[in-house]
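Construct all of the structure, not just a fragment, from the sequences and the given hints.
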Amino acid sequence: ISTLVLAEHEGGAIKPQSVSAVKAAKSLSNDNPISLLLAGSGSALHEAAANAASCDLSVSEVLVADSDEFSHPLAEPWAKLIHLVQQKGGYSHVITASGSFGKNILPRAAALLDVSPITDVIEISDPHLFVRPIYAGNALCTVRYTGAGPCLLTVRSTSFPVSSILADSKSNDAPITQVDLSTFGEDSVGKSRYVKHTSQDTERPDLGNARVVVTGGRALKSAENFKMIEKLAEKLGAAVGATRAAVDAGYVPNELQVGQTGKIVAPELYMAFGVSGAIQHLAGMRDSKVIVAVNKDAEAPIFQVADYGLVGDIFEVIPELLEKIPEKK
Amino acid sequence: MKIMVAIKRVVDYAVKIRVKSDKSGVETQNVKMSMNPFCEIALEEALRIKEAGMASEVVAVTMGLKQCVDTLRTGLAMGADRGIHVETSGPLYPLSVAKLLRALVEVEKPGLLILGKQAIDDDCNQTGQMVAGLLNWPQGTFASKVVLDKEKQVVTVDREVDGGLETLCLDMPAVITTDLRLNQPRYATLPNIMKAKSKAIKKFTPEDLNVEIKSDIEEVQVTEPPKRKAGVILSSVDELIDKLKNEAHVI
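Keeping their order, the protein sequence lines are chains E and Z.
Just so you know, we're using this note's numbering here: the first sequence kicks off at 160 and counts up by one.
Just so you know, we're using this note's numbering here: the second sequence kicks off at 6 and counts up by one.
To be clear, the hints were calculated from the coordinates, so they are not data collected in a lab.
Quick caveat: nothing in here was measured; it's all calculated off a predicted structure.
It cannot be assumed that every hint is accurate.
Dumping the calculated DSS-like pairs for lysine-lysine here, alpha-carbon to alpha-carbon at most 27 angstroms [to be verified]: (1) Z:Lys248 <-> E:Lys448; (2) E:Lys448 <-> Z:Lys234; (3) E:Lys390 <-> Z:Lys250; (4) E:Lys455 <-> Z:Lys250; (5) Z:Lys157 <-> Z:Lys55; (6) Z:Lys157 <-> E:Lys350; (7) E:Lys350 <-> Z:Lys150; (8) E:Lys455 <-> Z:Lys248; (9) Z:Lys232 <-> E:Lys455; (10) E:Lys386 <-> Z:Lys248; (11) Z:Lys157 <-> E:Lys355; (12) E:Lys350 <-> Z:Lys55; (13) Z:Lys150 <-> E:Lys355; (14) Z:Lys248 <-> E:Lys394; (15) Z:Lys21 <-> E:Lys455; (16) E:Lys390 <-> Z:Lys248; (17) Z:Lys21 <-> E:Lys448; (18) Z:Lys248 <-> E:Lys483; (19) E:Lys448 <-> Z:Lys250; (20) E:Lys350 <-> E:Lys247.
This is the structure:
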């Protein structure tokens with residue numbers, strides 16, 4: 160067994176979800192050399208490589224693909240890169256985190272390798288036995304990989320949590336190797352071009368990794384009212400989430416959607432305000448440690464998964480919370 | 006230019022699913038089946054492109070059991086011009102679906118292949134990316150906006166990604182997979198449902214298309230997710246803050 164982990168990086172460091180992917184790789188087997196693959200271009204890539212080399216003691220090698228082709232996460236060159244590196248290294252497993260980056264690229268790479276990928280893995284029972292949610296998490300399916308080729312997985316980072324990056328006191332120093340791209344043909348490249356990326360920059364923690372998430376539903380009634388959710392999140396040092404209905408109504412941008420087709424979160428504390436609890440939403444937050452629900456409808460399904468429920472008007476409860484919750488240290 | 010749309014028959018999104026007691030899967034007998042919601046969005050987008058005069062024909066394709074024809078008829082009633090059904094029995098995983106789609110693309114030569122980003126039964130989110138890889142076509146997954154430029158033969162796609170929206174420009178032919186906010190699918194009207202009955206559906210078998218259906222994955226069991234233990238209903242904000250502070254220790 161040997162594993163290639165496709166890592167994402169930003170600002171010269173590897174992303175937390177990629178460290179979770181390393182953790183998943185470690186759980187495959189005790190004897191499992193792990194190679195981290197990073198791609199991109201320029202100095203940020205090499206900073207990230209140095210960071211990756213020391214992120215976890217079990218990383219035995221960092222592979223770096225430096226080319227302008229990889230300056231944006233386009234599926235075509237990246238899938239090809241995985242194919243190339245896998246063919247060279249003969250890894251038994253290829254793992255990446257189940258975010259929009261991995262979901263876009265890994266199945267394409269699997270097709271190039273003529274294997275079935277297994278996406279959204281939440282549990283690794285043995286090197287070829289995996290559990291993944293189906294039907295929006297209303298059932299769990301255990302899947303065995305029986306193929307002769309490499310086993311390609313995307314893993315949910317919430318199921319393989321890492322307490323903090325660089326938790327190892329001894330600093331690891333895995334060797335960093337450049338990927339030889341001389342055989343990287345041009346044929347699949349250039350048919351797609353990156354145009355732009357738009358996002359709302361905020362000071363708040365990232366939704367996928369936040370310790371506390373405060374979510375608002377359609378009951379907030381307007382983008383203006385939704386600011387109460389943001390205020391409360393600020394006070395708690397929390398990330399802001401939203402239901403599909405709230406996003407569709409235009410109160411907040413799509414990147415805040417929690418659910419089957421949005422983000423999957425599992426924070427220590429999840430607070431849902433005016434959220435009814437559609438199964439598609441529950442799919443995205445049911446693994447949270449403590450769930451609080453506030454809704455004026457006592458029959459709302461959200462109360463079935465909440466540890467603490469409060470039946471009441473969010474327009475009264477939220478201001479009261481804002482007033483009474485202690486300032487975060 | 007032709008547009009090909011892949012559609013899948015799944016348990017209706019509003020059905021509360023039941024895991025079979027022998028753990029062999031999810032009950033699909035006597036359960037309402039419908040077109041996967043993401044596939045409806047894919048078909049709607051194709052129809053809008055055609056109605057804008059940018060495409061000549063919309064071909065809806067599906068794979069699976071005999072009953073999938075019903076879903077295909079729904080697609081024809083929404084407005085697809087004709088249908089293709091590749092009849093298979095037994096489990097069909099995304100790699101096989103992608104190979105069947107590639108074979109159909111080689112027959113039909115569409116300029117765009119549009120699929121839903123995932124099916125709400127297996128939640129795989131794989132097929133579009135895989136067929137794009139097999140065809141060596143560019144892909145625009147999780148699309149929330151699609152703008153076609155017929156003259157330049159390119160399509161600009163806004164993608165819903167973790168950190169916001171990403172815009173890509175793809176040379177055609179290309180594969181697009183649809184996210185929820187791309188459009189609101191139309192309902193089939195009664196006259197169109199009647200009309201759909203006479204639209205052509207072509208049948209293929211995997212053998213006709215030279216695709217061998219084999220699988221490298223095996224479903225071992227399907228189980229219920231662990232239930233959360235019942236919580237408590239509190240009476241006031243003060244009580245809630247107290248519980249969070251002194252019982253759950255999270256604030």
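Verification of the supplied hints:
| no. | hint | in the structure |
| --- | --- | --- |
| 1 | Z:Lys248 <-> E:Lys448 | 14 angstroms, holds |
| 2 | E:Lys448 <-> Z:Lys234 | 12 angstroms, holds |
| 3 | E:Lys390 <-> Z:Lys250 | 19 angstroms, holds |
| 4 | E:Lys455 <-> Z:Lys250 | 23 angstroms, holds |
| 5 | Z:Lys157 <-> Z:Lys55 | 17 angstroms, holds |
| 6 | Z:Lys157 <-> E:Lys350 | 13 angstroms, holds |
| 7 | E:Lys350 <-> Z:Lys150 | 19 angstroms, holds |
| 8 | E:Lys455 <-> Z:Lys248 | 20 angstroms, holds |
| 9 | Z:Lys232 <-> E:Lys455 | 24 angstroms, holds |
| 10 | E:Lys386 <-> Z:Lys248 | 25 angstroms, holds |
| 11 | Z:Lys157 <-> E:Lys355 | 19 angstroms, holds |
| 12 | E:Lys350 <-> Z:Lys55 | 23 angstroms, holds |
| 13 | Z:Lys150 <-> E:Lys355 | 14 angstroms, holds |
| 14 | Z:Lys248 <-> E:Lys394 | 18 angstroms, holds |
| 15 | Z:Lys21 <-> E:Lys455 | 24 angstroms, holds |
| 16 | E:Lys390 <-> Z:Lys248 | 21 angstroms, holds |
| 17 | Z:Lys21 <-> E:Lys448 | 24 angstroms, holds |
| 18 | Z:Lys248 <-> E:Lys483 | 13 angstroms, holds |
| 19 | E:Lys448 <-> Z:Lys250 | 14 angstroms, holds |
| 20 | E:Lys350 <-> E:Lys247 | 25 angstroms, holds |
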